[in-house]
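Novice: Top line first, the protein sequences correspond to chains A and B.
In terms of the working numbering, the first sequence opens at residue 1 and continues consecutively.
In terms of the working numbering, the second sequence opens at residue 480 and continues consecutively.
Hint data in this document are derived by calculation from the structure and do not stem from the laboratory.
Just so we're clear, the structure is a prediction, and the values are computed from it rather than from any experiment.
Even glycine gets a Cβ: it sits at the ideal position worked out from N, Cα and C.
Keep in mind that the hints are not guaranteed to be accurate.
What the hints assert, rightly or not - So the derived label-pair ranges between C-beta atoms look like this:
| hint | chain 1 | residue 1 | chain 2 | residue 2 | range |
| --- | --- | --- | --- | --- | --- |
| 1 | A | 85 | B | 667 | 55 to 65 Å |
| 2 | A | 293 | B | 555 | 47 to 57 Å |
| 3 | A | 279 | B | 597 | 21 to 31 Å |
| 4 | A | 286 | B | 543 | 21 to 31 Å |
| 5 | A | 372 | B | 544 | 26 to 36 Å |
| 6 | B | 731 | A | 372 | 22 to 32 Å |
| 7 | A | 293 | B | 640 | 37 to 47 Å |
| 8 | B | 591 | A | 372 | 20 to 30 Å |
| 9 | B | 542 | A | 352 | 29 to 39 Å |
| 10 | A | 286 | B | 598 | 33 to 43 Å |
| 11 | A | 465 | B | 555 | 56 to 66 Å |
| 12 | B | 555 | A | 279 | 30 to 40 Å |
| 13 | A | 372 | B | 676 | 27 to 37 Å |
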Amino acid sequence: MTEPRQLIDGVILIYGTHEMSISALLLLLAILAAFGFFIGRQKIHLQYKKQSNKARINTLPKYFGYVAGLAALIPALILLLVLEVAETPWINHQISQEISSAQLPSGDDLDLFLNDIKNASTESQIAALSDEKQIIHGHYQRIVKTTQWAKTAVVLALSVLLGLWSLKKINTATRARYLFEKTIEWLLLAAASIAIMTTVGIVFSVFFESMRFFGDIPVVDFMFGTEWSPQTAIRADQVGSSASFGAIPLFVGTMLISFIALLVSVPLGLMSAIYLSEYANRSVRAVAKPVLEILAGIPTVVYGFFAALTVAPFIRDFGESLGLSVASESALAAGLVMGIMIIPFVSSLADDVMSAVPQSLREGSLGLGATRSETIIKVLIPAALPGIVGGVLLAASRAIGETMIVVMAAGLAANLTVNPLEAVTTVTVQIVTLLTGDQEFDSAKTLAAFALGLMLFVTTLVLNMIALYVVRKYREQYE
Amino acid sequence: MVISMMNERVAELNLGIDMTQEIKQNGPDDSGILDVTYSETVGEYQCKDAKFSTRDVNVYYANNQAIFDVNLDVGRNEVIALIGPSGCGKSTFLRCLNRMNDTIDICRIDGQIHLDGQDIYAKKQDPVLLRARVGMVFQKPNPFPKSIYDNVAYGPRIHGLTKNKAELDDLVEDALIKAGLFDEVKDRLHGPGTGLSGGQQQRLCIARTIAVQPEVILMDEPASALDPIATAKIEELINELKENYTIVIVTHSMQQAARVSQRTAYFHMGRLIEVGDTNQIFTNPRHELTEKYITGRFG
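Isolated chain B (complex conformation) (with noise of 0.2 Å):
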């Protein structure tokens, strides 16, 4: 179905079509396509001033490899884009900068990976501090089934971030204004946090992630499940936020991408293929790939 959706869209365009047959052929666990054309990341994987630092990490499900050598650094305060086709990846590669890969059983990881220098996968690491550290927002909104205020109120009262009640109070509002909730919902702060709009629990959910001062947020997708509205405010939102924290984000949208962010890693089949500059990867990729998906002739 896809396969053949995408040969219509190649014929139509009438340009060289040996690679999607490639894909076609070999089916996508196939590193054929790959061997002729990859050797080594294109660009400038390493920043810096780097927040995290990644060298050849590499994740298993199973017998099955996800990921394979992917280096990249994530600069301090930037907003970074993880894109590419379905399955390449990108998602499982965010899901190892805050260990949530662990919750999977047969996930495995290798390489290093270093937030400010230390290995988080280091024996002595405690992954629930890191994740305090790094927090993350989901393709689909998650807000608990509790009011409004306890949701956002839920992780500082987990970390014991405040002292009383009146502390709490200005950090949820705090958090809430950050989001860009706090107009919409200051009359009904308990209220049911699902009884908001789709839009509404996502910036939620920023709020609540916001509200544990992390260094650094993972966003899965964030918009992915939102009418383009809510989009926009939620794409106003990361350029808001990324004053105060590096920003990861996974994203199937290309104007999303270039939208938000500074950097751009195009992920291709577990590989990442090119990182650059988002001005640069969307005007001149350097990779034959990163040009053939950002032109829309497959993915």
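Okay, chain A solo, but in the shape it has when bound (with noise of 0.2 Å):
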């Protein structure tokens, strides 16, 4: 066993006098863990050795380990993750304690405030700041170490404290390998959630803008407005810039754009997927089908301009040559474009789900005297639709959420159209444009990128549970 002597001169050594690093602390766990886990594992070892009537077959020493390990690891990190959450709130609150409430501003003044005081810190810095804030820089100071010293003992001392328990616990009764099971579950659970979290967390933060949104703007407004042009008035004199927020215009333009991409891809791209799977030999697939999943690695920049500088020139000149008026940028280019991108989010997933339709049943028509596409057409789509459609549905959703082609080729105008040969501009784009730049985070023109961000993701959400009750109805199961 360590020497408590030694580990805290270890802590000083790591720490010294500076600054706590929160990797030392974590390093310092992870030792205590590989110390918990080799002296467990000797400590069954042993206990296996003294055992006079051998069982055949015995929990290995090393899950005993695992045991201790896992015990002088995981409480104590979760105890670090919760108060890294505290610290701040509880550093700001204890200046507050101890300044007198006059010195300081009030609500969210107080952040801001603080935050000078917490980002100096070189000499030049420190000397910069007001002398009332270089008294309170000293607080500061003061707090942040004791409250840095005082977690890192608190989650040392619970690391030490649950390590040496689990030791003292663990015996050859212990039934190690089903708490190893047990733990490895719940680190699974976790890992799981994160994914899960994150998306509710977004799905909050957004939310909550666009009610802060909605509260300057009415909902109705917003969703039916047919008008789109965020530009609010910066001085109450300013002329010109009565700003409105109809998002109808950019909804139009997003489907109008997704649907031309759509209509390029899911053609072709099923019958590049019939051809790859059906009709291809095998050395023509082995370079095919690489090569189609290449156009998914081009960056979307590059679309953007090959759609800006040649598809666009060549469509306005072709319908120009019709005696079509054709803008320069147009949302045919923008999605013709789009649609090859998309292709092989179509054609590699089909590609794969039928791929995976039992040959039993190509023979079984091909048996009764069908030809391959009566065979394809009749069999094999329906018994892959479930995969099929999703592969829409993921083409579907990287073209609603698809920025740089549109903003290089389809232009920024908000048209109300649908003639696919005009300028339009979709949501994503809009929300780029209000973002962009400096912004100050409360005019309706900056919120309003939450509200377009909040109705693209309900949009997506509603088209993922058509396609979910499409698939669940249509679809023809085969054992």
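Two chains, two frames, a set of hints: combine them into the complex.
Specialist: Written out as structure tokens, the structure is:
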């Protein structure tokens, strides 16, 4: 066992008198866990040796080691996480306690005020602070140091105590494999919940910001308004900038471009998938499939300038030769190029699910005198439908969320039109234009971005639900 | 594993073991075991009124030859059983008869296979139309993931066999009745075909084949995935179908061959060893290998 004295020396060595670093604490915890593991394993190993009537099969000593190691590690880590989260509010609270409230601003400004102090770390920065703030800075430094020492001490103490306790408790009768198995289960659950929690977090943050926006602008105006011009008057006497936040043109633009993209990608993707899985011989397939998937790896900005510099002028010239008036940036150009981009999403998934349809179904159909194409249309596609719909849906959400191609090739003008030859803009493009550059985060203009995000999220959610319903209703189950 | 089991069985019966030892020493690829005894097919392979007539058929999978110089006629409205140990080429031979092997890239076929005097491998022969005339039932029931009705109506719809819905309904009902399945499914014709039991699924596949009104039905071990009761039903069905169809059935079960067929052909290592009346094959085999196989000394 490690001497407590040595341990503390180690802590002081690593932390010194400087700010504690979280990585050093984690390293210490890892070392403690490793000690727990080795000692626990050794303890059981010795106990097994002493046993006179050995069972033929025993739990391996390493599992007892894992139990001890994890007991030293996991609760301490959780405690550390909780303390990290609670640290800032605690420090703020302490500062407000120590300093008379008259000196401090209240509410939102407190954070701003404290930020100045917290950010000052070098001598010159401290010197630049006002006298008043310099005094508070002194307090702040002290509070931070004590808090962090306390945090380190508590976490390490918990680790050591639980480690020792588990080392004392474990014996050959402990169900170490079961405990280890349970820990793994919880670990996997935690991993899965991180993704879920993140999604929930994003939804909530978008939701609350949107609520602030809807405080200024009525929901109905936003959802059913047909004019989009988010420029607000900054000064009261400014002319010509009465903002209007009707999202309809943006959604129509998004739908128009996505529709064109799907019109291109679904037939092309499905047909190439059918060719690859049913007709192509092995060598063609070996080359064609990866090449097709490279399409998905090309950065969208490259597609963007391809659309803007090659496709859009071509469409304009071609349209003019037919006597049509075509905008130099058109929904058609963006949609076509986006369609090409998402072909692999459709084809790759469709190819996989069609290849997964059992050979016996193909033979059954061919054996009745069906041709290959009849077999594909009447047996394979219905059997593979859920996967195909999944691929199309993936492609659709890619199309709806795509930004770069549209910025470059379809323009920024929020025209309410379904004419694919005119310039349109999409929800994502507007979110980008609203949030880039210096923005104040309490104006309706900026908050509109969150409302758009929320609407977009709801739209894709509804699309997903419709697709799920379609899949469940029309799927043909094969064994 | 198989060899050791075989040896045990041979030892138990206290019979001559030269042949099994030959197999063990030379492995299945070696034809040495045949050179001694095989010169040509024993028995009458020709028929007076042949539906199918095959001459000098050789089949290769890439560089491996699977079938060697097979000559065999299939008589009109007869049930012929193809028997033999695993890997003897009987299924491969069966799949040549409706050009199902065309779907395998590496498969190559020589020789002549005639259906009603027409070369089915001729350039102008459309394999799709051939398969409509020569239906096939597979080893594992493979109903489409569609309703029972749609499974049976699949072929008639593709070939445009009926003029209207009423005719199609009649055709479907008729096929299901002939396959002995109608009474069991008449209340759920629009339920999924995959929801039936294994034996019912296989009869559905037979109904599906009958619905196209083929001239010949090829069956590739149609009962091997089924329990004895379902097997009995399939065999009963084959006995009824032979009134109207020519049937070629591959089977692993010698009892089944004896029960359903009029003629039996015994394959061994890609060669047709003996062919003759089923009664004669099972009571009085003329070739040594046939005798050993049907008495259960290997296989």
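Novice: Hint by hint, say whether it matches the structure.
Specialist: Hints, verified against the model:
Checked against the hint of 55 to 65 Å, the C-beta distance between residue 85/A and residue 667/B comes to roughly 59 Å, which is consistent with it. The supplied range of 47 to 57 Å is met by residue 293/A and residue 555/B, whose beta-carbon atoms lie about 54 Å from each other. Judged by the Cβ atoms, the range 21 to 31 Å given for residue 279/A and residue 597/B holds: they are separated by roughly 28 Å. Range check, residue 286/A to residue 543/B: Cβ separation about 23 Å, and the 21 to 31 Å hint holds.
Here the CB-CB span from residue 372/A to residue 544/B is close to 28 Å, well matched to the stated 26 to 36 Å. Distance hint check: the CB atoms of residue 731/B and residue 372/A are about 31 Å apart, consistent with the given range 22 to 32 Å. In this structure the hint that residue 293/A and residue 640/B lie 37 to 47 Å apart at CB holds, the actual value being about 43 Å. The hinted window of 20 to 30 Å between residue 591/B and residue 372/A holds, with their beta carbons roughly 26 Å apart.
A C-beta distance of roughly 32 Å is found between residue 542/B and residue 352/A, which places it inside the suggested range of 29 to 39 Å. Taking the beta carbon of each, residue 286/A and residue 598/B are about 36 Å apart, inside 33 to 43 Å as hinted. Between residue 465/A and residue 555/B, the C-beta spacing of about 59 Å keeps the proposed range 56 to 66 Å intact. Here the CB-CB span from residue 555/B to residue 279/A is close to 37 Å, well matched to the stated 30 to 40 Å.
Range check, residue 372/A to residue 676/B: Cβ separation about 31 Å, and the 27 to 37 Å hint holds.
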